[in-house]
Each structure stands twice: as C-alpha cells, then as structure tokens.
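S.K.: Protein chains in written order, with the numbering used here: chain A, 1 to 457; chain B, 1 to 178.
Treat the hints with care, as some may be off.
With the Cβ distance kept under 10 Å, some of the chain B side facing chain A (calculated, not the full set) [as the list claims (entries may be wrong)]:
| hint | residue |
| --- | --- |
| 1 | Pro127 |
| 2 | Phe139 |
| 3 | Val159 |
With a Cα cut of at most 20 Å, we get these calculated EDC-like pairs of lysine to aspartate or glutamate [to be verified]:
| hint | chain 1 | residue 1 | chain 2 | residue 2 |
| --- | --- | --- | --- | --- |
| 4 | B | Lys142 | A | Glu296 |
| 5 | A | Lys455 | B | Asp143 |
| 6 | A | Lys455 | B | Glu175 |
| 7 | A | Lys286 | A | Glu296 |
| 8 | B | Lys142 | A | Glu451 |
| 9 | A | Lys455 | B | Glu47 |
| 10 | B | Lys142 | A | Glu223 |
| 11 | B | Lys142 | A | Asp27 |
| 12 | B | Lys142 | B | Asp153 |
| 13 | B | Lys142 | A | Glu300 |
| 14 | A | Lys455 | B | Glu21 |
| 15 | A | Lys455 | B | Asp157 |
No lab work stands behind these hints, which were simulated from the structure alone.
On a predicted model such as this, the values are computed, not experimentally measured, just so you know.
Beta carbons are placed, not taken as given, at the ideal position from N, Cα and C, and that holds for glycine.
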Amino acid sequence: MADEIEQGEAGQAPVIEPGHTFATITDQISSIVLTRPTSNGWYLGFGIAFVIVMIFLYAVGYLFLKGVGIWGVTIPIAWGFAIINFVWWIGIGHAGTLISAILLLLRQSWRNSINRFAEAMTLFAVACAGMFPLFHLGRPWLFYWLFPYPNTMKYWPQFRSPLVWDVFAVSTYFTVSLIFWFIGLVPDLATLRDRSDNKAAKIIYGILALGWRGSARHWHRYETAYLLLAGLATPLVLSVHTVVSFDFAIAIVPGWHTTIFPPYFVAGAIYSGFAMVLMLAIPIRKIYGLEDFITERHLENSAKVMLATGLIVAYGYGMEAFMGWYGGNKYDLFLMWNRLHGPYHFWYYSLLACNIFIPQLLWIRKMRTHPVYLFLISTVVLTGMWLERFIIVVVSLHRDFLTSSWGMYYPTRWDWAIFIGTLGFFVACMFLFLRILPMISIFEMRTLLPEAEVKAE
Amino acid sequence: MKHTRNYGLLAEFDTPTHLVEAAMATRDAGYKKIDAYSPFPVEGLAEAIGFHHDLVPLITLIGGILGGTGGYLMQWWIAAVSYPTNVGGRPYNSWPAFIVITFEMTILFAALFSVLGMLALNGLPMPYHPVFNVPRFAFATKDRFFLIVFASDAKYDAVQTRQFLEGLGPRSISEVPD
C-alpha cells in the first residue's frame, strides 16, 4: 500500500506530503488539541454557533409549550420542514459512514485523514436528523412509545409501518456510528493520554482510552472488530436511506409511489454528504494548517464522488419525469406539470440548477482542486439537496388526487428558527470536537508512512 | 536468581521491522510468554508473538444470529400473538414487512457483540497495567516499538533474559516493576 501512496498515479497529489515521520504526524495532530492555544477565531466561531443553539432551544421550548401549530404544517401538507430537514440531515450523515466503512473495505487509504471528522459529522448530523421526527410527534416527551416495550396500555408498535422501520433504522444507525467512531478513537485517546501534560486531561483521556496499551494481541482483535464493523456498517448505511425512502415510496401519493426512490435517495444522501465533508474540510485544513494531510487529492476524490452521485441523482429526476409520462397515470402527469408550472415551479428550477447543472463544473479539473470553487459548489449542492426534499414533500402533498383538498405550505419563523438552530447545533458540536479530540486518526496516518511496512529479511 | 517483584523485561525498538524480527527471535529462543506493543497495528506481529486464535468473528456471528432471530421473533410474537391487527385480511405473520427490522437488529447486535467481545477478550477497560510504570513506555503510543518477556515465563531469568534481549540490538531495556 505504501508504494502506491509514495508514487501515486501519474500527476496525482500524494495522500500525505513527504518528509513526515511517526513522531511528526503524532505531534502535528495532537498539538491541535494539547498544546496550541485556543484561537480567537475558535471562540468567535463557537460563540456564534452557541448563540444559534440558544435560539434553537428557545424555539424548541416554545414548540413544546404550544405544539406543532406554531409551524406552517397544515392539512394537506402535514409533513413540512420537519420531514424535509430530517431527510436532509440524515442524508448528510451518510458520507461519513461511506468514507469510514465502504472506503476502508475498498482499501482506499486516502480516507485515513478524513474519516475521523467525517464520522463525527455523521454523528452530529444524525443527532440533528433524529430530533425532527421527535418534534413532529406533537408530544415529543412520549417518544418512547415508539419502541416496543411492555406497557400498561397493552399496546405494541405496528411493525408493518415504514415509520416504525425508520425508528429502528435510525437508532441502529446512530448506535453503530457511535461505537465505530469511539472504537476508532481509542488508540488516539491513548496517545493523548501519554502526551498530555495537564493532569485533568491525562485523567479524562486516560479513562476514555480504556487503558489501551497497543499490545499486538489487542491490535489483532481490534483490527478484526474494526473490519467487521465496517462490513456491518456498509449494508447498514445503504439500508438507512432506503428505509427513509420507504416512508414515501410505500404511500400512494403521486411522486412518492415509485420504486426508483431507494437507490436515488441513497445516491442523493452521499451527494449531499460529500458536499458537507468538503464544506468542513476546506476551512479546517486551511485554519489548522493540515494541507499536508488533507491534500488536493482528497479534495479531488471527494469532488469526483460528488460528480458521480450527482449524475445518479440526475438520472433519478429524468426517470421520474419519464415514468410520469410513460406510465400514463393522469395524477403522475399532473404532478410533473405541477412541478414545472405550479406555484412552486421556481424552486423546482432552482433544484435542477443546483443539483444537476451547476455541479457539471466539476468535470473541469481546476474546479475539483481549487478550494474556493469547490466550497462554493458544495454550498450549491447542499442547497439543491435541501430543495429536492422540499419538492418531494411539499409539491407532492399540496395537490394530490382531490382538488378539494389542495392547499399551500408557508413555513413560519419557528420552522426557520428550528432549522437554522440545528445548523448551529451541528456547527457548535463540530467546534467542540475539533478542540477536544484528534480530528484526524493519528494511528491510521502512521500506517500510511513507508516505514510502517514490515520489510521481509 | 529470580526477582520475585518483577513483572518482566521491556526492550525498546525503533522500527516495526526490527520489532517483528526481535519477537520472532525471542519465540525461537524458547520464550512463550511474551507480548509486543506498537503505536499502530503492525502486520505479522501477532503471529510473531504466537497469537493465532481470534474469537472476535465468531462472537460477531453469534451476535448477528441472536439479533436477527430475536428481532424476527419479537415482531412475530407482537404482531401475530400478543397484539394481532387485521389489515385487510392479510396474514398476521406478514413476514415481508418484518424483514427491515430483522435486518436492523442483526446489524445492531452483531456490531455490539463485535465491539464488546473485542474489549472483553482484550481485558479492557483496564486502567492500570504494570508496563505503564516504565516512563519510556509513553512512547509506545507515539513512535517506539516494545517487546516484553514476562517474568512468569518458565525460561525467564533476570540476568540471562536481559543478556538475550541485549543481543537483539534494542535501543533500551527496562525492568518492569510489578
């Protein structure tokens, strides 16, 4: 593996800049957490995010007090922002698992420098996602009714409902992502324990490191378990967005009742997830001076994944339109007409621009490697993917079979406050993560060095 | 002349290749109770210290089977026995609808068994271990590679074992107090 990295393919940037040793990798990554002073920029960024979290808590408190009536959801559009944001956030999480599990199985060693923070991104994104269906319950404090537990009401969940499948899929996904992330952190926590001068930090990292000492027996079992987890997380991540798409596809609403939803949802999830990875990686590598570890190659590879999944999403849109026409169902035909000419047509065209047309710029090499352009394109893709969920939820529901039950959807300030609030929560969690945990997997970076390879005598 | 208060002798090396060679030589010299410590997984090191049986895959498989079976039986018992709901005359044991949760439970239990099994077999969490008493051992999580011969080994002798380890060309040798 090391040879591939040293040479790379012709004209490709290396995964790790030359001249590093085990010690320099360890020092450079752990110093961000242990020795470098917390910058003013960190305080400013975290402060802004924290203020948004406070607004979020205020909005959620008001929601608990008043109920979902403060949102714009009405009949016929009963799902609104809550489900749009749920699908959007959980999709973003998918890229983290893809990078940490699928690319590990495919032996893509370039992933080693971005998997840790991508996994953290997954956890925080799934946490944001999970909140929305709970808020949408109306009585969120009774969320535990979703789980099958013996109760005095003599009631059990309905296992034939995709909404119950969702509960299991999302909670399994969160749990597995969490243990995958934590197990990956253990050897690095041991490094921080051994490198920290601060007594309190030593104790806290020491407890979290579980007494890891790098024994060969331990590493062997550790690697087996890590690989097995990757193998388990791979079908899991594909299943999660499939199950999310079942929430729609199993209903008979025009625009939802289609078999293309599972693959097209999964592709869309990875598309938006890589956009978020890039939006995080580009500023982080600049601010923390990690260009040696997160190189142009990482940016370019992520951009290529975005381009490929974006084309799958484009195929999904094309197929939806084609089947609307070819299926000959008048409600499906009307749905397409309504997307193109109905009251939300502006947003449908914006969606096409954001998700299909603008990302075609990624065919140009300069766009894939230039941090600023790539950052802007990622913003566009994330916006586009949010619009996609808006179109799916709102445009399908607002005009279905009976004209008597048509309506319009207008999000209120509370919808926006909670949506933007989760963005603040996500960013605040990322700031804390960058400050207290190693954002790049130190031990996996060490294995990338040529001297990590055992040479035969 | 055995030190009864000793836990073992710890030799420090600079490269993973050197450590694997040293571990092999120590095994060949007849030492059985040895271990090696490295800052990242080193290929072939577990074999070099004589570790072959890894039970983690079996534990994961058991977890997956338990989770899958348990997940399906739970749904069947709830939907067909305890709380049957007639949906348009369809069978109570409507198995296609139960596949998703069966799958999720398989993954969940396999993953939990895998990680908890790995930790249990490794004896973690273990906050105290005698090797931590050696100050240089802090480098085991940075850029140094260690080999230990435990004092409990039948062939262990404080003087001869030290001489043997010195012959392997380590950077340093430390006694590990118990």
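S.K.: Does each hint hold? Answer for all of them.
M.R.: Quick rundown of the hints versus the structure:
no., hint, result
1, Pro127, "holds, 5 Å"
2, Phe139, "holds, 8 Å"
3, Val159, "violated, 26 Å"
4, B/Lys142 / A/Glu296, "violated, 27 Å"
5, A/Lys455 / B/Asp143, "holds, 17 Å"
6, A/Lys455 / B/Glu175, "violated, 29 Å"
7, A/Lys286 / A/Glu296, "holds, 12 Å"
8, B/Lys142 / A/Glu451, "holds, 14 Å"
9, A/Lys455 / B/Glu47, "holds, 15 Å"
10, B/Lys142 / A/Glu223, "holds, 18 Å"
11, B/Lys142 / A/Asp27, "holds, 9 Å"
12, B/Lys142 / B/Asp153, "violated, 28 Å"
13, B/Lys142 / A/Glu300, "violated, 30 Å"
14, A/Lys455 / B/Glu21, "holds, 10 Å"
15, A/Lys455 / B/Asp157, "violated, 31 Å"
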